[in-house]
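Number of protein chains: 2
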Amino acid sequence: MKIVIGVDIGGTKTKIGLVDQHGKCHAKTFFRTREYPELESFLDKIKSTSDELIESLEGEVSVLGCGIGAPNASSKNGTIENASNLVWKESVPILEKLKLRMPMPMRIMNDASAAALGEMLFGGANKMKDFIVITLGTGFGAGIVANGQLIDGYDGFAGELGHVDMTIGDGRLTGLGVKGGLEAYVSATGLKRTIMYMLSKYMTESRFRNIAYNDLHGEDITKAAEEGDEIALMAFDYTARIMALALANFTAFTQPEAFILMGGLTNSGKWILEPLEGYFNEYLLDVYKGKVKILKSGMHGKTAAICGAAALIWETQEH
Amino acid sequence: MKIVIGVDIGGTKTKIGLVDQHGKCHAKTFFRTREYPELESFLDKIKSTSDELIESLEGEVSVLGCGIGAPNASSKNGTIENASNLVWKESVPILEKLKLRMPMPMRIMNDASAAALGEMLFGGANKMKDFIVITLGTGFGAGIVANGQLIDGYDGFAGELGHVDMTIGDGRLTGLGVKGGLEAYVSATGLKRTIMYMLSKYMTESRFRNIAYNDLHGEDITKAAEEGDEIALMAFDYTARIMALALANFTAFTQPEAFILMGGLTNSGKWILEPLEGYFNEYLLDVYKGKVKILKSGMHGKTAAICGAAALIWETQEH
Chain P
1 MKIVIGVDIG GTKTKIGLVD QHGKCHAKTF FRTREYPELE SFLDKIKSTS
51 DELIESLEGE VSVLGCGIGA PNASSKNGTI ENASNLVWKE SVPILEKLKL
101 RMPMPMRIMN DASAAALGEM LFGGANKMKD FIVITLGTGF GAGIVANGQL
151 IDGYDGFAGE LGHVDMTIGD GRLTGLGVKG GLEAYVSATG LKRTIMYMLS
201 KYMTESRFRN IAYNDLHGED ITKAAEEGDE IALMAFDYTA RIMALALANF
251 TAFTQPEAFI LMGGLTNSGK WILEPLEGYF NEYLLDVYKG KVKILKSGMH
301 GKTAAICGAA ALIWETQEH
Chain G
1 MKIVIGVDIG GTKTKIGLVD QHGKCHAKTF FRTREYPELE SFLDKIKSTS
51 DELIESLEGE VSVLGCGIGA PNASSKNGTI ENASNLVWKE SVPILEKLKL
101 RMPMPMRIMN DASAAALGEM LFGGANKMKD FIVITLGTGF GAGIVANGQL
151 IDGYDGFAGE LGHVDMTIGD GRLTGLGVKG GLEAYVSATG LKRTIMYMLS
201 KYMTESRFRN IAYNDLHGED ITKAAEEGDE IALMAFDYTA RIMALALANF
251 TAFTQPEAFI LMGGLTNSGK WILEPLEGYF NEYLLDVYKG KVKILKSGMH
301 GKTAAICGAA ALIWETQEH
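Going down the list, the protein sequences come from chains P and G. Residue numbering for the first sequence follows this note's numbering, beginning at 1 and increasing consecutively. Residue numbering for the second sequence follows this note's numbering, beginning at 1 and increasing consecutively.
You can trust all of the hints, since none of them are fake.
It does not matter which identical chain is meant; a pair holds if it fits inside one copy or across any two.
Listed next, the in silico DSSO-like pairs over lysine-lysine satisfying Cα-Cα at most 30 Å (straight line):
1) Lys-129 / Lys-291
2) Lys-97 / Lys-291
3) Lys-289 / Lys-97
4) Lys-45 / Lys-97
5) Lys-99 / Lys-291
6) Lys-28 / Lys-296
7) Lys-76 / Lys-291
8) Lys-129 / Lys-76
9) Lys-293 / Lys-89
10) Lys-89 / Lys-289
11) Lys-129 / Lys-293
12) Lys-76 / Lys-296
13) Lys-47 / Lys-13
14) Lys-99 / Lys-289
15) Lys-127 / Lys-270
16) Lys-302 / Lys-129
17) Lys-76 / Lys-289
18) Lys-291 / Lys-89
19) Lys-192 / Lys-223
20) Lys-127 / Lys-293
21) Lys-76 / Lys-127
22) Lys-24 / Lys-293
23) Lys-47 / Lys-99
Quick caveat, the hints were computed from the structure, so don't treat them as lab data.
Construct the complete structure from the given sequences, taking the supplied hints into account.
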């Protein structure tokens, strides 16, 4: 069996899996990124984890290469640079260093761009030429496809839409210090911050008056919404409204046929997606109305990021 | 001599010229768009004006086709739809109707996208693969090139960046009713509105306290700035700051190598371009700093729009 190693480096977890040409993940595991703050030991861990996964497969296995998705990765430079949700802050020449340990074809890309490639190869976007994948995890990422091609940018850093300023230079600071940056509102972290904001703004009773910021998790907010907690409902509505305005703005850029959403926040289902749809159609310019779909990813949630990373190598193969 | 008819339909003027394969304009003229509020007579006027120009050329002339740039034009549908600065408000099937009068190869495109194509074929961008042309006229337009290709969008309406909302749903209304839309701030019209805003905000003495909004022209504001009028200086600074924030946001989208500026407002030279450069570098995300140029168009100001329109046809020719 021919497989590609897919590595998704996230702020919380680094996921590794073995992906076949149909986007099926045959073995996968993860480790906690922050447990390997030293780059060298982090790369050793990727190498040893990959080896273990390959050994776990039965039959003959041929490894075609390794694809990596990571926040703030530059496909052109093979680096991760100043990623706000990762422990290494400077420019990390990750591809060069990992190739020393694993000599094989290797590519790295912004995680959301990799996800967009995964959607084209394995997901629901395989007939679309113009779409944008939005990843809603710890941060906010975007992978842009236009004219059937992934948009890389001059230097490999296209699609950093989490740092778009929504407020003419005022508002919340993102992890990169961008005032009013979208990611500070629309992401798992943004939703937690909005809970704090709602607690400051209203006197409404809520379970969140008894939970510290650091003890707060996305799933708790979904559960609270389901139980009718008004602060949770207002926080989701506020998040959906800002996200809708951002997607309406992004539409004016490349006019995608669809936005494809993935990541933890999309699991909050109707609490975020229903108001999002409503506000989106309200904010959309007339010329775009009725032409832009909001879809959930066609890839399996638990392996979408791994398959997206593997798509970087599968894309280069004839199959 | 082989030539292409280039037509630039603007809110104020419709310009027509005859352009050779090197982007040289051999004859040109214009008429006032608003004098032809009926679509049929407007198209008759384009036909008769083109004929007169062709007759004015000496020697044998072979017309290869006609390229049209217009606000809110859809290249895919051959239409102009709901253009806020034009007299026809509905969807106008302009290509189909003009072809009846002038049977020849014909293409239409958003004026700023046509300008981007002109920059690639005839201007300063002929080696760049990732750049954005910004047209600063009555409105604000953008033509986006990424991976060496013009970004059209699903339906031909990519690049409508003048209607991006900069203020989370608050702020000035654009002609299309978008609250906080960029065009309401950064355009010749936006600059006039900002003069009014500065007159409302400050009590500073200014020549503009004696001029009515409808009597105000862009050139007056430049002249006032040159003479040290503080309201004019503040208005330019305010415009430059909002524009810089917008360009910094746009950078996060496709990461262009350069923004190429054209249109009336760029004639205000240092009053807008110098503060723009300063604010832009301040707002730009670290990962982009020092990598994104702001350039003035390499095409001749008076014919840039005509040559851009003609580029739609020249692009399809082998030469």
